[in-house]
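> Residue strings, one per chain:
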Amino acid sequence: MADVSLAAVTKRFGDTVAVDDLSLDIADGAFMTLLGPTGAGKTTALRLVAGLEKPDGGRIVIGRRDVTSLPPAARDVAFVFQQYSLYPHLSVFDNLAFPLRAPARRLPENEIKARVSEVAALLRIDSKLGNRATKLSGGEMQRVAIGRALVRRPAIYLMDEPLSSLDAKLRADLRLELKRIQAELGATLLYVTHDQVEAMTMATTIGVIDAGRIVQIGSPREIYERPASLYVAARLGQPSINIVPRHLLPDIPAPSGAETIGARAETLRVQRNSGEGARGRVTWIEHLGDQNHLHIELDRHELVALVNPDADFAVGDQVGVGFVNPLFFDRNGVRLVR
Amino acid sequence: MSATTAHSIVEASPRAKTVAGAIVILYALITILPLLWICATAFKSQSDAISYPPKLLFTPTLEGFVDLFTVQTRQPPDFIAKLPPAKSWYEKLARERGMVIAGPSPVVGRFVNSLIVGFGSTILATLLGTLAAYGFSRFRVPLADDLLFFILSTRMMPPIAVAVPIYLMYRWLNLYDTQIGLILLYSAVNVSLAVWLLKGFIDEIPREYEEAALVDGYTRLQAFRKVVLPQAATGIAATAIFCLIFSWNEYAFALLLTSANAQTMPPFIPFIIGEGGQNWPAVAAATTLFLTPIVFVTILLRKHLLRGITFGAVRR
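Protein sequence lines, in the order shown, are assigned to chains A and B. Here my numbering is used: position 4 in the first sequence is 4, and no number is missing along the way. Here my numbering is used: position 171 in the second sequence is 509, and no number is missing along the way.
Calculated directly from the structure, the hints in this document are not laboratory data. On a predicted model such as this, the values are computed, not experimentally measured, just so you know. Mixed in with the good hints there might be a few duds.
[Claimed, not checked] Cβ pair distances, simulated, as ranges: (1) Ser91/A - Pro392/B: 50 to 60 Å; (2) Glu177/A - Ser351/B: 42 to 52 Å; (3) Trp510/B - Arg12/A: 47 to 57 Å; (4) Arg545/B - Ala27/A: 30 to 40 Å; (5) Ala360/B - Asn131/A: 33 to 43 Å; (6) Ala501/B - Arg12/A: 44 to 54 Å; (7) Ala482/B - Gly289/A: 48 to 58 Å.
[Unchecked claim] Calculated cross-link-like contacts (lysine to any residue; reagent style SDA-like; alpha-carbon spacing at most 25 Å): (8) Lys54/A - Arg476/B; (9) Lys54/A - Asp541/B; (10) Lys641/B - Gly130/A; (11) Lys641/B - Tyr87/A; (12) Lys54/A - Arg478/B; (13) Lys135/A - Arg545/B; (14) Lys54/A - Phe562/B; (15) Lys169/A - Val197/A; (16) Lys420/B - Gln410/B; (17) Lys179/A - Arg153/A.
Beta carbons are placed, not taken as given, at the ideal position from N, Cα and C, and that holds for glycine.
The whole structure should be built from the sequences, with the hints applied where relevant.
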């Protein structure tokens, strides 16, 4: 394991800039997640680290070794792809052994066997080793794909949305498992996803990426509670953050230059027949079992508030909405600190 | 799916399947009939072969094969009577018809030529085609589309249009009547087919497989061998069959560019007819022999063929 850093890396495809002056430091043992929408340049960034793409500018350093111009095989990285990660013509065992049988490595066969069994046990696929790779379920396939990376001890594991093709239940299981394994091995990991839940639950550090640039880097908690911009605030949180123009809420003390107020659903305090806060009307209630989402119309703006399912609101109720520690953004969407 | 409904869109009804099956069987019978006819004729005597109405039941004989593999001369019965007794079954068979075997015919040499030229050019064309198709599929080749079109355009005119220039060229290069000459020519024709077919197959193999291998410590060439080749096997098999069928059956250039040394079976077979009357059993025996390898290879590769032809050639 080693530190990995990207310094001002740029990659263009024709006229489009996929990765724009990207700088990133990944500490040894960190679980770094790049979070961003499709087309933000996350995957390209990952492929640049792997050496599958050549940067147009900047340097990539893995463990104090400049690897910018080295081929993938010489970089000591492991890559888990989103799909097509298993060789259909090989058995599960041979798939797992494939990286260890590489001419660059050439481990003795008994050591390969030991390592494969160890990883198979870790991922609970030991009973499937004799199967053909194509005869597995989706979850098993993705476990094997992760296993193919884990049999090695590379400087860094690179993962490109490895869980995105799985169903919700399996994704949740593997999320926990992946985090457990990473902690157990003390592995350095660069993980790319558009799924905020994956980023929040697994990462030690999240880098939010937009249009090839890093917008904010921080711990999941920092990113969630103190987003640098409206863009970052909107990427995290389910339901997503409520955004209200400042002039609708004149009573809230705000720093000067604040144009927009952001308030997460769980920070809204809704009370029926209360004189406090902004006046609104309940338009819709979503029952989720453990909680209710209250849709409130506030001067033609819709807010979503999280309320206790016991609180019996009804559609049409007039309510008062209180804002606890709201976030303030200026005209350009940059957050203002009070 | 085990559950089928009578009017399912995806699953054909049992009746439709029966009809489809019947049509396929009928078509197979129609196409296979001439081949069976030839095989049967190969084992007939000369008189059975030309009897009318045709004989469906006959006493099989190897006369046709003996005639094919030997050169014979007709001799008067008293001359044959004076000869020492026949040493082998085929000599006996010939003498019963008033013939004496003078020596082996050139058929074995022709057949070996066909094998060398057919399989040699198939291997060469498939090998070059696979490498070229991989290059076109995976790398940014300058003017790739134009090059691919150029490769295809070599198939656009009838090959015989270039017969005379090629003949002159071959004379000058000392390739006339050589096996290597035919191998090169057939490979050149087949390689365009191979590139186009195989590019389709290789395009279908996701790049991620090779990229995974590259990251795992393999070089490009090793990744090609370990990852791409096994997955392209189906396409390569299908392509090889097409190439083999072409070079195996090719007649015009073989007739033009070969004579005593490198002649293959196609120009040789009609030549049998001319030797002392129309010896249909011998011709049929030659044809049967000629068909055997290709039938054998096709049966050997049929699993790949079925998947290959429907999977790679028809683009999704």
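> Now look at each hint and say whether the structure bears it out.
We went through each hint and held it up to the structure:
In this structure the hint that serine 91/A and proline 392/B lie 50 to 60 Å apart at CB holds, the actual value being about 56 Å. At about 47 Å, the CB distance of glutamate 177/A to serine 351/B agrees with the hint of 42 to 52 Å. Between tryptophan 510/B and arginine 12/A, the C-beta spacing of about 52 Å keeps the proposed range 47 to 57 Å intact. Between arginine 545/B and alanine 27/A the C-beta distance comes to about 31 Å, which sits within the given range of 30 to 40 Å.
Judged by the Cβ atoms, the range 33 to 43 Å given for alanine 360/B and asparagine 131/A holds: they are separated by roughly 40 Å. Hint check: alanine 501/B to arginine 12/A, Cβ distance near 52 Å, so the stated range 44 to 54 Å holds. Separation of alanine 482/B from glycine 289/A is about 57 Å and conforms to the stated range, judged on CB atoms against 48 to 58 Å. Between the alpha carbons of lysine 54/A and arginine 476/B the distance comes to roughly 16 Å, so the proposed pair stays at or under 25 Å and holds.
A threshold of 25 Å between alpha carbons decides the hint, and for lysine 54/A with aspartate 541/B the separation of about 22 Å falls inside it, so the pair holds. Our distance criterion of 25 Å between C-alpha atoms is met by lysine 641/B and glycine 130/A, whose separation comes to about 24 Å. Of the supplied pair hints, the one linking lysine 641/B and tyrosine 87/A holds, its CA atoms being roughly 20 Å apart against a limit of 25 Å. Between lysine 54/A and arginine 478/B the CA atoms are separated by roughly 14 Å; this keeps the pair inside 25 Å, and the hint holds.
Distance hint between lysine 135/A and arginine 545/B is fulfilled; the C-alpha atoms sit about 21 Å from each other, no more than 25 Å. As the CA atoms of lysine 54/A and phenylalanine 562/B are separated by approximately 20 Å, the hinted pair is consistent with the 25 Å bound. Under the criterion of a C-alpha separation no larger than 25 Å, the hint pairing lysine 169/A with valine 197/A is consistent with the structure, at around 13 Å. With a C-alpha separation of about 17 Å, the suggested pair lysine 420/B and glutamine 410/B falls inside the 25 Å cut-off, and the hint holds.
Note on lysine 179/A and arginine 153/A: the hinted pairing holds, with a Cα-Cα distance of about 17 Å set against a maximum of 25 Å.
Checked against the numbered hints given earlier, the structure satisfies every one of them.
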